[in-house]
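**Q** Each chain, letter by letter, is given below.
Protein chains: 2
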Amino acid sequence: MDKLTRRIQTAAGEREADYVIKNGQILDSYNLEFIEADVAIIDGVFAGIGNFEGKHVIDAKGKYVVPSLIDAHVHIESAMVPPSEFARAVLPCGVTTIITDPHEIANVSGAEGISYMLQDSENIPMDIYYMLPSSVPSTPFENSGAILSAEDLKPFYEHKRVLGLAEVMDYPSVANTSPSMMKKLVDAQSKKIDGHAAGLDTRALNIYKSAGIGTDHECITAQEALDRVKRGMYVFIREGSVAKNLKKLLPAVTERNARRFMFCTDDKHIDDLITEGSVDHNVRLAIQEGLDPLLAIQMASLNVAECYHLSTKGAIAPGLDADFLLLNDVSTFSIAQVYRAGELIAEEGETKRIETVTPSKRITNSVHLPKLTKEHLHLAVTDQEANVIQVIPNQIVTEAKKFTVNRNDNNGFVSCYEKDLMKLAVIERHHNTGNVGLGIVKGFQFKDGAIATTVGHDSHNLIMAGVSDEDMIKAAEVIQEMQGGLVVVRNQEVLAKLPLPIAGLLSTNDYHSVVRELEEIELALKEIGAPEHFNPFLTLSFLSLSVIPELKLTDMGLFNVNAFRHISINE
Amino acid sequence: MDKLTRRIQTAAGEREADYVIKNGQILDSYNLEFIEADVAIIDGVFAGIGNFEGKHVIDAKGKYVVPSLIDAHVHIESAMVPPSEFARAVLPCGVTTIITDPHEIANVSGAEGISYMLQDSENIPMDIYYMLPSSVPSTPFENSGAILSAEDLKPFYEHKRVLGLAEVMDYPSVANTSPSMMKKLVDAQSKKIDGHAAGLDTRALNIYKSAGIGTDHECITAQEALDRVKRGMYVFIREGSVAKNLKKLLPAVTERNARRFMFCTDDKHIDDLITEGSVDHNVRLAIQEGLDPLLAIQMASLNVAECYHLSTKGAIAPGLDADFLLLNDVSTFSIAQVYRAGELIAEEGETKRIETVTPSKRITNSVHLPKLTKEHLHLAVTDQEANVIQVIPNQIVTEAKKFTVNRNDNNGFVSCYEKDLMKLAVIERHHNTGNVGLGIVKGFQFKDGAIATTVGHDSHNLIMAGVSDEDMIKAAEVIQEMQGGLVVVRNQEVLAKLPLPIAGLLSTNDYHSVVRELEEIELALKEIGAPEHFNPFLTLSFLSLSVIPELKLTDMGLFNVNAFRHISINE
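If you read the sequences in order, they're chains W and A.
The opening residue of the first sequence carries number 0 in numbering that gives the first Met the number 0; numbering runs sequentially from there.
The opening residue of the second sequence carries number 0 in numbering that gives the first Met the number 0; numbering runs sequentially from there.
No lab work stands behind these hints, which were simulated from the structure alone.
For each residue, glycine too, the CB sits at the ideal point set by N, CA and C.
Don't take each hint at face value.
Claimed, not checked - One-sided excerpt, in silico: chain W residues whose CB lies under 7 Å from chain A:
1) A10
2) A174
3) T176
4) R259
Unchecked claim - Far from chain W, some chain A residues (derived; all Cβ distances over 10 Å):
5) Q118
6) F140
7) T274
8) N364
9) P369
10) G411
11) Q479
12) H565
Here chain W stands alone, though its shape is the one from the complex:
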């Protein structure tokens, strides 16, 4: 018998439900009030609100029953685990649906990376919807692992979990109606198109919205949010590991415009997800800031479902997927149990083990480095002042500075702890082109050693900073051996490492192991003298992102973002 027939019969009370939620306060997400009623579930779908009997009772006595949450925009790769493991980590947060943009893995592995993410999230107890990366590569000023054209993206629209085109970051290409961007936009006109409207003024917003770009998660002020809502964009209020916008944006939300707002994490590391939560944290924070808890829950569920036309998500109502939470308390959003498609899937912060898809060899064999020598790392400098990248703690922008630097007999730059000037290297790692970009960075304060990572936005080449060339060479060797990841080396000794063999971005271990490995990395960083008020690996991973000011380093060399061109070290 088909499921629709079974559901109708269950609604009619003629067939026993699989589960009946009893004794709870049920959130009516449409009238925004709690009601007392039984809720019937069959085949993972709600079949009625009223009086029901079922094979099993979910006793919600003393509990509040609310729809589970939807993260409107998240890059799974920031958690350094595959989708299946991400689900395991995040389901206890009450999040059973996410909309994700596999931008990072696409930059390394292209269409194959997207396919892997889709496959790894196929048979798991979380609904993971995909937006297709719109900007791979992000810039022409570095070499990435893949290029994704409109033609490459198009076949993915056939997939039922692909909803549209992911955050369009390349504002100039939209404003200039570049042919390759226009193709992507035209293909997605009947789909959803997410935006990335960081700092865009109202003229630029007109351009974006005219192009069909309907969402933004980059607002940092309430006025920015209102300007976007006014033009028909949905605004995602973000709380990530780095970007935290909720307190500034919440004043924009009123009962009259709340339907245009929702929550997202965007980029959140695995340790933060575990300690602080996913968008459940946004909900809690919003309530703390004075938002009506029911409105906050609606923003984190129904509003996202409406925005992305997920007609069977977002509320507790007949015909909708039985994705819901039992809360101990509404105002603290304390989660007792998490149900997805009618099944208890997380309790007390734990999800059962989820099957992971084995990635193909091409994806786990993505690091192709030259055999590094001191010659590769030789950075010739003059007695003139050199261009130096000055990092700013907890920001992804840098300052372009100039300093007189130490040289060896061979006119090669020599790192100097006293001056806090260190060598920075970006090595193309996708195609073994031998491209090496060299520069000088200030702010890391390492006494000795070197750190290296294949997480280097957005092309994810190998990026390293170190006091000693020998340790940098050793770090690269370890990275090659691990097929990507993070490593801290001192005196040729590996102090800590985190292997990320999936595209050099994701671990094959469970998330608990990843958290432990990250803790070891943290200890190792202390040993080499790294400051504790910011995360050197996170900072390092953005030093190659040549769309963010002011001075960056790619595998093609130093890049001055303001001048929008490569420059030489002593220029």
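Put chain A on the given structure of chain W with help from the hints.
**A** Using the frame of chain W, we list chain A on its own:
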């Protein structure tokens, strides 16, 4: 150059807009407030809110600029004009988009009727979206012109203006999961499915919503509305020619649940549309009843667009269709001008002539009657009390009564003005089967003559009531000659007629002519003594609707709806 490129360039201010709205108060439908700004339009689409220059200025000084309205559910056939002419009549009301269910013409002409409605609305300045009739025929107790199975409907889903399955009226078939209904519901699961949940209790609502039925326009109390909203249904607040629900339903609407409410007309006659308006009347009435005018406008535009996933409709924002109104005043919703796709399309109550598609011969040749004789109309009665249909003014339900009636020598029923007992006849008119149903009706109070119409819900057979058999025969002849319509006959003379040659339902004249013809009908009705406190043709047209209590007449005979079976005259 493609339109998307042109739109982006216009948004950027690099290309002159086609039109710029200046000096007006612009409704921001998302934050629900008026703002002062220019609005740019190119290729019929909004391209920006800000400062713009254009080829033409739409000066909105002293005016309020709001999105045009959307009727969430309407049967065009009730206006007795084709879609193109309906558009001409309704555009001045500020309605530029409707969602229609061609249920009536489908009952006569099947798939061909639907195709005709689609064609006739293809190149007109109104966006007419279709829902596919779910119940053709409505019942097995009469003969209709067509039968539409799930297989017949399916090809229409390919049409870009077909949004889903129209109001599912046959509750028993859903509750009993009848195979033919299940097929239709399964095919529409990824589309929209409208409901018709008249009087349904909460158990039945659970069934309907579990089946994927997402809307209802049949609420008559605020509690019914809230019961439906609670289960995730959208509620359409109806003001038609007969059913008027707004005053009773409006108390259910709050700022917190308003997004689940919108307006519709359902069935509204052409004269009422012209004198009172379309859903603009609902808006005005809602404001009079105390609803925030901006919320009322939002309900009549953005909410419908969201409900039906019409992503480019419902607000004034970049990338959306430039469908808007200039209002003289908000609180009275006084419309100065109506724009659709950027073009001025109605002003001062007048629309320019719209091209109409010529319907095929099969559609204009839908009346196939036998050559009627007195024998056809001979209703044999005994001296026992006869079953009589008692009409109730302004209602579509009837009462089943019993009366002793006059007989002629041949035991044939004889109409009697003094007793207000008249002959009623339903004659199958689609396939010339010769089926004639005969009965007795009380309440029309005609002194003499007869009236006849091919508008007879839902199968639209010929239905006639008269004091004189000769006049009924004459009326049928006129109907056959006109290929459908309305006629009033007295002493073999045609007092007034309204030809409806398109499927026996729609005129080929312009709507002004139809209104004049209706006025003549009204005068003729007075001449034969018809009461003035209800519309005899409207009442007559529902006397064959065998799903509405209590006693009805179809071409297959008297039907007692409560007993759910045909009965004989003296039973």
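**Q** Each hint should be assessed against the structure and marked as holding or not.
**A** Tested hints:
1. A10: Check passed: Cβ of A10 (chain W) comes within 4 Å of chain A, closer than 7 Å.
2. A174: Cβ of A174 (chain W) sits 6 Å from chain A, so the hint holds.
3. T176: 5 Å, holds
4. R259: Since the shortest Cβ distance to chain A is 5 Å, the answer is holds.
5. Q118: 23 Å, holds
6. F140: Holds: least Cβ distance 24 Å, greater than 10 Å.
7. T274: 34 Å, holds
8. N364: 40 Å, holds
9. P369: 43 Å, holds
10. G411: Answer for G411 (chain A): holds, closest chain W Cβ roughly 48 Å.
11. Q479: Fine: 45 Å to the nearest Cβ keeps Q479 (chain A) off the interface.
12. H565: Nearest chain W Cβ is 28 Å from H565 (chain A), so the label holds.
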